[in-house]
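All chains should be modelled from the sequences, with the hints used to inform the complete structure.
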Amino acid sequence: MASLSLKHIEKVYENGFHAVHDFNLEVEDKEFIIFVGPSGCGKSTTLRMIAGLEDISSGEFKIDGVLMNDVEPKDRDIAMVFQSYALYPHMTVRDNMGFALKLRNVPKDEIDAKVDEVAKILDLEKLLDRKPKALSGGQRQRVAMGRAIVRQPKVFLMDEPLSNLDAKLRVQMRTEIAKLHERLGTTIIYVTHDQTEAMTLGTRIVVMKDGIVQQINSPEHLYNKPCNLFVAGFIGSPQMNFLDALVEKKGADTFLDIAGFKIKLPADKAAAVQDYVGKTIVAGIRPEHLLDGRGKEDQFCTITAPIEVRELLGAEAYLYFTLAGKQCTARVASDVDLYVGMVGTMALDLNKLQLFDKETELSLLWTE
Amino acid sequence: MTQNEKAAAAKKRNHAIMITVLILLFLFFIMPFILVLINVFKDKADIVTSPLALIGAHGFTLKNFPEAMAKMDFFNVFKNSLIITICSTILTILVSAMTSFVIVRNGKWKMCTAVFALMVASMVIPFQVLMVPLVSVYGGIFGILNSRITLIFMHVGFSVSMATFMFHGAIHTNIPLELEEAALIDGCTRWQTFWKIVFPLLKPTIATVAIIDAMAFWNDYLLPSLVLTDKAIYTIPIATQQFYGTYSTDIGLVMAALVLAMLPILILYLFLQKYIVAGVTSGAVKG
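Chains as they are written, first to last, in the working numbering: chain W, -13 to 354; chain E, 105 to 391.
Note that these hints are calculated values from the structure, not bench results.
It cannot be assumed that every hint is accurate.
25 Å max Cα-Cα, derived DSS-like pairs, lysine-lysine [unchecked claim]:
hint, chain 1, residue 1, chain 2, residue 2
1, E, 378, W, 117
2, W, 117, E, 300
3, W, 60, E, 378
4, E, 212, W, 119
Computed from a predicted model, the values in this text were never measured in an experiment.
Written out as structure tokens, the structure is:
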């Protein structure tokens, strides 16, 4: 197992496209790091630079303190699971899993023993003599994982390994991957555009946008203390509601005026907006922090709006409404009797309220 | 008659027309082959008097075969044809598969694009245009004609463009780059990646190129007739030529020689048939 160090990594393609800007990350042994971001944000490019499949334009990449910039992929002692699994179609599952060891001239008995051991962990024992085309998507995915595990590499790299699976299998495999990480204690770098995968699997998450790292933190930290509007919007599903809010001061109290609703800020949040009195900022509130406010008007700041759409998901329901021209979502228990056409009263959990500078989009509450 | 019945009748009629046309075409192409097969077991007189009869007046005979084999020095010319065909086919496949791999995977290099464009362009130049300069250069200047190696070398040179074109398409559409990247990470060198991963996956194209080129090399008359002048290194098509005299042709022996020439390539085709279909259709449907 290994620690990784990426310092000032840049990727500029021959056509001048700057894919990754000044990427810095220290990965400790046994960490599960997630690179997350929308398509084209540079997460896969960074992973491929770590794998050695892309050249690093500038910066330093080290594994266990050894510079790896120009080391061939085969000599980096890494294993990678691809989105398409990249199983060799002409080889059986056993041959696929043992291929890397065979190339390293490991004796056949030893290869067989290791393949059998990993096949047992991944429940692939009965499939060892099949070719990839005779496997289902989930089985192929497990073989791809097995091929990586058999080698016992220093680092596992996974490039959107669950993207090609159906929703149910994805959840199942997500749990399997988490268990495997626990069991093998390996350093894993995992790329995904799915924030749910990122939140559930990662010990730390690297959020990227347009080749620039936005924030690197634990899932809890990213959820509770996003550093900017992008991270706040990207992490969490459904995404955070953003509303323009005018900062007002009346005596010692500080208020936000959101679409005509006056919301009194608690002391810590009021302190953060003192420089913005008279200016418009962006207030962010997650759908799960908008509660059914009927009868709670004296305890909470509330807003009212007609419910436009109600989506029942089983245990919970999403209520959609428009406030100051912006689409908002509230996530409530399914037994809350608010339906389309009714005017909903929503209570804001002000402890969870996020505040952002409208110009810079940076959080006014963010701390490391 | 309802519209549905009309449509069904039209469909049936079109189907019948199509089948008739296909049968006619089939007969048109198979007729020479059948003629050879029914006449090879007749003597010369029967072939001339009743070429379409299944068995001639003098009955069934196998004597054309030993006579033709002796006259054309069959085992020697068969050996020559076999050596030349096998060596040329293998070399063509190896050279063109490797060339196309480099061209496809280094598409950004202008040199690769230029080489590929030249190869494609060369496919439209007829052999007859190059025939005379070829003989004068290799015979007159280098003096290396009349050798099996020279013929193999020329066969490879003339067929490598088409084969590279076919492998180029196969690699481009059927071999995902991720497979090669997985192999690189697993520990393969570029060389090993090609031989252990890419080449085995090209099996359908290899079979298609093998059958097309092997047929061309086996049946080629013009190039060997220019290159090979020594009787000891004649190939089958040149050896059969001696049965055609200026004043008389022993048609029975010609038929026997033709059957002997056809058999090996037919057997090869039967072996590779399933791969050829796969090769022709590969990439047509997303797998």
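Each hint, compared with the structure:
Proposed proximity of residue 378(E) and residue 117(W) is supported: the alpha carbons are some 19 Å apart, at most 25 Å. With a C-alpha separation of about 16 Å, the suggested pair residue 117(W) and residue 300(E) falls inside the 25 Å cut-off, and the hint holds. Of the pairs offered as hints, the one joining residue 60(W) and residue 378(E) is violated, with about 37 Å between alpha carbons and a cut-off of 25 Å exceeded. Restraint check: the Cα-Cα separation between residue 212(E) and residue 119(W) comes to about 32 Å, which exceeds 25 Å; the hinted pair is violated.
In summary, the structure is inconsistent with hints 3, 4 from the numbered list given earlier, while agreeing with the others.
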